[in-house]
Amino acid sequence: MEDKILVEVKDLKKYFKTSKGMLHAVDGLNFKIRKGTTLGVVGESGCGKSTLGRVLLHLHESTGGQIIYDGQDITHYAAKDLVEIRKRMQMIFQDPSASLDPRKNVKNLIGEPLKNFKVCKSKAEYEQRVSEIMETVGLAPRYAESYSHELDGGRRQRIGIGRALAMNPEFIVCDEPVSALDVSIQAQVLNLLMDLQEEKGLTYIFITHDLSVVKHISHEIIVMYLGQCVEYAKTDALFKKPMHPYTQGLLEAVPIPSLTGKKLSTEVMKGELTSPIEPKPGCRFANRCPHATEKCRGRDIALKEVEPGHFVACTLFA
Amino acid sequence: MKKLWKRIKNSRVVKVLFARKAVIVCLIILAVMILAAIFAPFVAPYDPYKQDLRNMLQHISPAHLLGTDSMGRDLVSRIIYGGRVSFTVGLVSVLVAGSIGMVLGLIAGMAGGVVDAVIMRVMDAMMSVPMIIMALFLGSILGKGLGNICLAIGISMVPSYARVTRGQVLTVREMDYITAGTLCGASKVKNTLVHILPNCISSNIVLMTMNLGNAILNEAALSFLGMGINPPTASWGSMVNDGYKYMSSNPVIAIAPGVFIMIVVLCFNMVGDALRDAMDPKLRGTLGKKKKVKRAKA
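Chains as they are written, first to last, in this note's numbering: chain A, 1 to 318; chain B, 1 to 298.
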């Protein structure tokens, strides 16, 4: 773990135009990711996690704020400059069967970035590099000619990881890379990702809704609710002492295997996400929150450092 | 050259294609017909244009295997010569329609917005006119002649390809592997050609094989209406057209060329179907794994 900051995001915003008004998918996020660490992003579906990942990679143009990558402000990079930066940042997708072209075999899928960025001088070098990557992600050479639909989910996701690793990037956005997989294979893929991080010093942003996964892999965690960050802390601190009512609710909803079979928690969060379209100022969680008061409504609540390194956006700690 | 041949021979598409016996049969039938049409002067027993009014409307006989038509011309010879026009019209017009339609569909689907709206409204307008009237209209602009007929029939079929392709593009372009392509450094054009087009092509192949027969028949209709090939030139479509008047007295005149159209369409359908399957990794199955597994005796 180094102290160098690889990715820094300042007040990042991404709004989508809809027929009903502006949809605030990502609304004012701030965070820093140190090189070689993993930032977990958790939240329920529709809270803007995936949008965040895509905005970071410039797949969507951001509406406001800054993305600083390795000291450079890449927020407004044009397509030409993006080519260079894209060699250094990659993405692993949620559903490997949708993210792999069904008409390409494993070799061509993994080699695609090598071909597009023209990194290999000769065919032999290309073949060599592809087989190296396949070995790195644990794909046997005999699968080189296979097509993705012929393989199981875990191997498919390994192809996706291999493709992301082909250019030797330093930063990878993992967009729910294990949610489409069996539990047993989830562990394999997570371990592979962690091994790769150790080996190559990779930096991850790990988007997921699965708290046990995020606990396993992340160094720091952001809890997102309707495009905003409600809690931002080190993994241990967050799991030991969740402060925001939403985080508490999320953690209480995690099933704990128990032999005695006693009822664990009666306080399950009620209600659903409110609409992210033109949200009113104030805490967006207020109408589901058991502690909500008048103070929560009417004005936005900023993140506050309650303990060193532990940020919470809640009036309870204001 | 040798290398290329080896590559073609070893490619999975070809192997899968030729693993089907029906495909081989169809290809042989088509090859025989096309070769016969090309070498018609050497194959045909009679001159297809020589009228023999004493022997008109002959029934099947050893001298005239399929009889003669209303001008006393030998039907077998006319069918062999007619293959020249019919194959050309069928294949060329379908290729014209397919290539123009796919390009328009790709552009419409990828560009979206105004470009999409303009292209698709033009296609809709073309679709609302019956194909034969469209072809007639185009034929009257372009003039007579085999090339123009192919073009006219081809263009009149473009809208269906454009529609089908655009529909496919709209589904495929939202797939994650297109995003992945962008991240892997593919430009928009490259992404379209490498990832989107191959994933849109199968329905177009099916459409092409289906339209082939239509094109052959449309040529006949155009010729019948005076826009196509000049009367003495033989084509299967025009032979069906000429022959139907004698349906009650000598049905062979109309049925024989009709059967040939049917055979060609059937063969192309089979080959097209197999080609689509062979090009799609998900449909082509696992070849070479059919080897008998030796089981050890328990």
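It is possible that part of the hints are untrue.
What the hints assert, rightly or not - List of simulated lysine-lysine pairs, DSS-like, C-alpha gap at most 30 Å:
id: 1; chain 1: B; residue 1: K3; chain 2: A; residue 2: K118
id: 2; chain 1: B; residue 1: K144; chain 2: A; residue 2: K104
id: 3; chain 1: A; residue 1: K4; chain 2: A; residue 2: K200
id: 4; chain 1: B; residue 1: K3; chain 2: B; residue 2: K15
id: 5; chain 1: A; residue 1: K121; chain 2: B; residue 2: K21
The set of hints was computed from the structure by calculation and includes no laboratory data.
Hints, verified against the model:
1. K3(B) to K118(A): Holds, at roughly 25 Å.
2. K144(B) to K104(A): violated (45 Å)
3. K4(A) to K200(A): Holds. K4(A) to K200(A) sits at ~15 Å (cutoff 30 Å).
4. K3(B) to K15(B): holds (17 Å)
5. K121(A) to K21(B): Answer violated: K121(A) to K21(B) is near 43 Å, above 30 Å.
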